[in-house]
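Visitor: So the sequences go chain by chain: A and B. The first sequence runs 1 to 1451 under full-length UniProt numbering. The second sequence runs 1 to 315 under full-length UniProt numbering.
Each hint should be verified, as a subset may be incorrect.
[As the list claims (entries may be wrong)] Per label pair, the in silico range of CB-to-CB distance:
no.	chain 1	residue 1	chain 2	residue 2	range
1	B	ASN301	A	LEU338	40 to 48 Å
2	A	PRO94	B	SER201	52 to 60 Å
3	A	PRO94	B	ASN301	50 to 58 Å
4	B	GLY226	A	PHE76	50 to 58 Å
5	A	ILE1139	B	LYS38	22 to 30 Å
6	B	ILE307	A	TYR1193	36 to 44 Å
7	A	PHE92	B	PRO43	48 to 56 Å
8	A	GLN849	B	ILE61	55 to 63 Å
9	B	LEU55	A	ALA1157	30 to 38 Å
In short, the hints are calculated from the structure, not lab data. Note that CB positions come from ideal geometry on N, CA and C, so glycine has one too.
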Amino acid sequence: MARETGESGETKSAKVKKHKRRKSKKESKTRIVHANILYDHTKGGDNPNRHYANNKIKTTKYTLLSFLPKNLFEQFHRFANVYFVFIALLNFVPVVNAFQPELALAPVVFILSVTAIKDLWEDYRRHRSDKEINHMDCLVYCRTEKRYVEKYWKEVRVGDFIRLRCNELLPADVLLLSSSDPDRLCHIETATLDGETNLKQRQVVRSFYDLDCEFDPIKYNSVIECEKPNNDLNRFRGYIIHRSGRRDGLYKDNLLLRGCTIRNTEEAVGIVIYAGHETKAMLNNNGPRYKRSKLERQMNVDVFWCVIILLVMCLFSAIGHGLWMFQYGDKRPVFDVLSPEGTDLSPVVSAIYLFLTMIIVFQVLIPISLFVSIEIVKICQVYFIHQDMELYDEETDSHLQCRALNITEDLGQMQYIFSDKTGTLTENKMVFRRCTVAGVEYSHDANARRLAMYQEMDSEEEDCTSHGGTLPRRDSVISHQSGKVVLRSQSTKSHRRTGSRAEAKRASILSKHTAFSSPMEKDITPDPQLMDKVNECSSQMEFMRFHSQPLNQIPPDLCDVFDFFIALTICNTVVVSSPNQPRQKVRRYELKSPVKTIEDFIKRFTPSRLTSGSNSSSSSSLATNRSSSHKVGCSMLSSPSAESTLTKLHEEKRPEHDLQHAFSPVPPNFDKTKALAQDECELRYEAESPDEAALVYAARAYKCALVGRLPDQVTVELPHLGKLSFELLHTLGFDSTRKRMSVVVKHPLTEQITVYTKGADSVIMDLIRPATGATGIEDRLQDGVPETIASLRKAGLQIWVLTGDKQETAINIAYACKLLDPEEEIITLNAESQEACAALLENSLHYIQAKFLCNPRPDPQVARDYAGIHFSSPASSGHSSPFLVHRLGLVIDGRTLAYALDKSLEDKFLAVARSCRSVLCCRSTPLQKSMVVKLVRNKLKVMTLAIGDGANDVSMIQVADVGVGISGQEGMQAVMASDFALPRFRYLQKLLLVHGHWCYSRLANMILYFFYKNAMFVALIFWYQFYCGFSGSAMVDQWYLIFFNLMFSAFPQLITGTLDKDVSAETLQELPQLYMNGQNSEEYKPYMFWMNMIDAFYQSLICFFIPYFAYVDSDVDLFTWGTPITTLALFTILLHLGIETKTWTWMNWVSIGFSIALFFTVALCYNASCPTCFSPSNTYWTMQRLLGDPMFYLLCVVTPIAALLPRYFYRACQGTLFPNPVHVGRQLDTLPMDMRRIFLSQSQMKLGSLGSLFPPRAPFFPLCRPFQKDYRPRVKQTHMSSTKQKEKTISSPIPSKSMEMRDTPLSSKNSDNHITLNFRMQEKVQSCTQGADSTLSENLYFVKEPSSPITGTLPYTKDTPLSRTILESTGLEAPLSPTDLSQVGLLTSTPLLPQNETMQLTSPPRSCCLRQNLDDQDHSNQKSLLKQAEDVGHTQSTSCLQEHSHKTTFL
Amino acid sequence: MMASSYNAKDEDGHHPGSVGSGGPGAVKSKKPDNTAFKQQRLPAWQPILTAGTVLPAFFMIGLIFIPIGIGLLVTSNNIKEFEIDYTGVDMFSPCFNCSQNYSWNSTSACTCSVPFTLDQPFESNVFMYYGLSNFYQNHRRYVKSRDDSQLNGDKSSLLNPSKECEPYRTSDKKPIAPCGAIANSLFNDTLELFYIQPNGSRIAIDMVKTGIAWWTDKHVKFRNPGGNNNNLSHVFRETSKPVNWRKPVYELDPSDPDNNGFINEDFIVWMRTAALPTFRKLYRIIQKKKDNMTPTLPPGNYSLEVIYSILEKSA
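Excised from the complex, chain A in its bound form:
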């Protein structure tokens, strides 16, 4: 039926057009959607939805008819194509023409058709995928059949009702009207839109929320008015107007977007709002980006030079022709044929004609096939990068993606790397490490061992792969989907080896569906001590419950433990799902009446608040509230409601030893078989951030498992007690201003309203000194990050880390990943104002100059003799700046960065930053990140690479010359914006050092060769002009001339351009210094173009004059003389390529052989084919005769050798007398394997001691030594260098001072890379710098406090942005206003550790203005702020509450 109306709609298109004008006026701002079923009988004529796009998508560019004109039109946007077509058309002008006009068209047509075929193929693929998508099925309501019928996606129209089942893809943007979910929710997975795999909840439109019966489309008669289609995924506004005139708001929470997948919801019904190309997903669909690489820019300059050379040659010929004509005067020779009209041409006119003719003849000089060849080679390069096994990550089953096809060679020329930290350098896998509860620290030794084992395993396998070669990494991660718990502590190497690879793969693939759930994150080995307490606590509680004793008899420390785990479990936004086939949401177990009114709410919560202050005498940390809670708890326990809660506690008990069974939920509604099946598998936690997941998994390890989460209820399964359902009164989500999240729950046992708060150390510690507990979560460095950074740095890359983290964290990580070196001085820039920042920069600049200029030890760019091989240093020509890079680190925070990026200061900032070896920007916003990249790129004129994994890195990735996305856990935005997507940071090493180097040197050499080749060939004809009166005649037959580039000489250079390896991958990785070759553009410098041109002209002279003298004054005819010259040129060109080819594989031999064979075959066939065709040149039987002529063979031997002698000689000299590092690398490659290894290991040792084989730009200053000396012991003191030591120190019950643990950079390779961040207890955070705050919650403190005024029942935090903006406007701006007073600057020129000397160059007094900062950690200020914020939250929540109550009354 819909189909019919659709067709009729088409036939009435004229009518539609008429309507459209009227319509467009009416719906200028909004879109009005009616239900289609109301209009079915009118056959679409009156259907108000008929103007909206239907759901058929068409992403193809062309149709059959439009392909040719449209594609040609697009191709002619490229200037080169226009040029070649112009030349080909010029051939049709009789006075000018040089070749057979049809033949002259051939190359252009060939090039155009190759591109067209490529476009056609791409378009066909799009068409096929469109078709597939358009023909997917979905259920659409049909009025006549009164039921949902299956239809294709393309038949779905705006206004249709569609029914969606679990795991179905959404065909269009649908407004959710009904859901089988009792809470009227629908869960969707948006992985295809943003790559986030966690589930998101969508809500049924409010008016349909309360429908008791199933939604009946027939009864629907409302009208929807909403905004016009736009591409904002996070925004949807509109309202629905019911027949009664009532309006209800529509929000993005009501909209299901096309491309998402329905999860956890059996059935949902919605009405289509946007369809087809108007859906948000399609509007967000941008094509691939086009970037121009540096090499291509350079090449274009030389193409321009080629044009100049061409014009000069043409002009020369034209003048020569004019003079030649002039010398005959009036007496016209017989061979100067008159024009067809029989008129005589004056020398000037014929010179002008000749100029045009010469452009045609010399057109080959502009390499028509260069552009196509480059594209082909790049596609091949991309293919090989894709195929690289070492860039494949088995764990995630993903390999490198090249999203931009045309900047592969830029990878070889990078100079600056800007890296994000979290998720890029670190794994973004938050692993529970240890905790303290009520002041008691549980060290989790076993857990630490487990983590160490992962590390060990990694390093072991690394060894395996490096020595043995092909053992896949992580091949032995044991599957955890089977449901059987494998005790990690027992799984020794042998055990791990038994784990089959397929199993591991399956595990990784399955776990891919749930973010943050790798085995490492999930399996936490509980601390036995704490486990005992948990068991004790639960058994006591069980005991009390059976004997209906009040809960306050539990000892306080056990109660703390209990609270701690409750907090871990429920203070989050984790969604629970079961992995058993469709993601089935765990059913709710009971429905509790929500708090009805605000009065009720206040009534309930007032007592606890009143009592909260009274009993705060306890010595333990949670004393403040606990005693009160006990009181309230027991009083409430007697109330009937509490009783009912207790009775509803789940009775099931599970054997203690089987952890897994304890977690598996058995929903009461399920039948036995299903329950059994359910038993087999564990729950999945869909968390928004990795730390949340880590904590929930940690709690689960203590059998305190989160089993269900609903908007107003959280279900926790406790040992012995079974399932407990907490009524969720309100959730205050995590945001960067509050830096904590809180949940307000009603305790089911005590009926007490409790606030659990979780937040970063700085915030929580300021709020409430004693906390329930603290957790330490660790974000491990990714494998091989320090090594990668070290080798990238050796490669001459400057690495800047731009992170949003706080300063301490960032510096710690920087040390851990060897970005900062303990031997280095660190300049820390923290300024509070523009002026202070200016002064700081000025001072540090002076400092650097003073420090390093008084020791005028030059950069040791001295050529070194190493083991008999001469190295000439890669002269720092690439960095023409006078700035040297010192052993300095620069740390700058976001605020100072904002000042430094000001126009007035940016130059100074750059001057400071560029002289530092590493730069660390903390607390930087996404915008700042991109500004830094832009600044460096534009001002220093360097090639920049930005790498990141999150949405906050997108802007940086887009700005940089090459953007690299890490396809990590934080969604796909970064990947979508990037040019290359890597699974892991460490792959960057091979990508840059090996593939970048190869791509660059291959392409650079190929481009240079192209220029040479064309120039050499064209010059032959140019020399001939001296012997043909500059008449534009060519001794090379037109066929050879035109197809020489396209056919005869095309393949070998493509093979070489694709496969040639100047240095092997191993050597490139072991000698990162070779990368500087590309950085300094040493393969393709401007002079090389001219060198090649000169060589080309020389070679062509040889190739011209040897045959000339061989045949001079003989009876040789034009083509019998020209054909050998062509052959010689071909031989010379191929041999030239042979000299330039570094590695000869069979493919090189085959391609060269093929080229020669092709030439002779074509020549023989062509010369035998037709004695009368191919006018004007007729080469009938020429080649055949030549092959019988010994002279021909002699020429073929003598000429190429003579032509190539100089280049051969030059290359030999270069290799012997002044080899560059690449030559050394090549020579290393030729050594046998074992020799090479010895050699390289020696060189590595030398690298360690000397700085590098090729001296890096970082000089070694004697002045640094004192630092080193007194520094090193300290390092050893303060940092426990190995893990084991760490454990020991940690196990002391209460660490008194803030402990910063990290890997010392001095530790050996086998020590682990992970870092534990700032594990602090009961100690006011001592930030070494002011202004440091912490958003990232590495440390989470759990506070259980009596209900503070942040309460309210908001079942679903809707429109959080609104409340947030209010928070900002009230809470933030006031303290920030009078900043002009602050003139604070602190420059610490030390490594960050507190023991180190602090150099204060300028030390203006810390002005009081500091306090007025929000970021400041001033106590009172923070508190007052908090109050404000909370007040706002309160008002906000009350308003929401009213809305809520409104809803309930409606019911």
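Following the hints, put chain B in place on chain A, whose structure we already have.
Guide: Relative to the frame of chain A, chain B by itself:
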């Protein structure tokens, strides 16, 4: 792009029902193949150019070229060459008059004889060439100015020559056969060689005028229209002779029907345009004596009789 991207995701197993149904074997890995080609590990020869490798190579090349050079030297020394310039620019040259009085319209041919003496005998076959200097037969417009199908005996081209022949395509409203500038400027001097015996009598030396063109030219490329019709004048009746010619194409060599018309070898040789402005073309072959006892051209006095008609003056 987006459409295709999420299509790809679908294939990964998000289709309803496909999750969990595929066993571990069904999961297809994206792992690249470990082949030498894909991993860029093809076995390769890596020549490195250093003095150590280059010097022997140079030495080898030198050694190879020594015998080649010697061979070339010996061969070229065995060739005897005798050159006579009969342009007649010089006042005392026998052909001076001809070169001065020359005009296209003169009906009577100017003849001159150039005496010369051979000191050395010429053994074996002697090839007689005529040479022209600064005659740009390779001029672009000149080279094109011909019609190969006409020369190949195509009837329609005979009567309707190619446009390339302009302005030598038609004369007197009749198509020119052979058309074009190359044919029009045919070298039409006649050279005859006489041996002057010591007694003063002149003996004409036999010169073969066939076999001087490429076999393929004579038999494939050039053909008279009308096939084996010997009555060439009839075949060419509707055409006119090239402007500069004194006689039509079917009278180039009336004595030998196999050397007349388009397949006249002098004509064919001329039609093969020279590569360089100074060139020579084979004119006649003086075949060696059958008895093998006397040289083909014994030493002595000779006289070259030239029927001077032509165009070299114009060059």
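Visitor: Does each hint hold? Answer for all of them.
Guide: Each hint, compared with the structure:
| no. | hint | result |
| --- | --- | --- |
| 1 | B:ASN301 <-> A:LEU338: 40 to 48 Å | 45 Å, holds |
| 2 | A:PRO94 <-> B:SER201: 52 to 60 Å | 58 Å, holds |
| 3 | A:PRO94 <-> B:ASN301: 50 to 58 Å | 54 Å, holds |
| 4 | B:GLY226 <-> A:PHE76: 50 to 58 Å | 51 Å, holds |
| 5 | A:ILE1139 <-> B:LYS38: 22 to 30 Å | 28 Å, holds |
| 6 | B:ILE307 <-> A:TYR1193: 36 to 44 Å | 41 Å, holds |
| 7 | A:PHE92 <-> B:PRO43: 48 to 56 Å | 51 Å, holds |
| 8 | A:GLN849 <-> B:ILE61: 55 to 63 Å | 58 Å, holds |
| 9 | B:LEU55 <-> A:ALA1157: 30 to 38 Å | 32 Å, holds |
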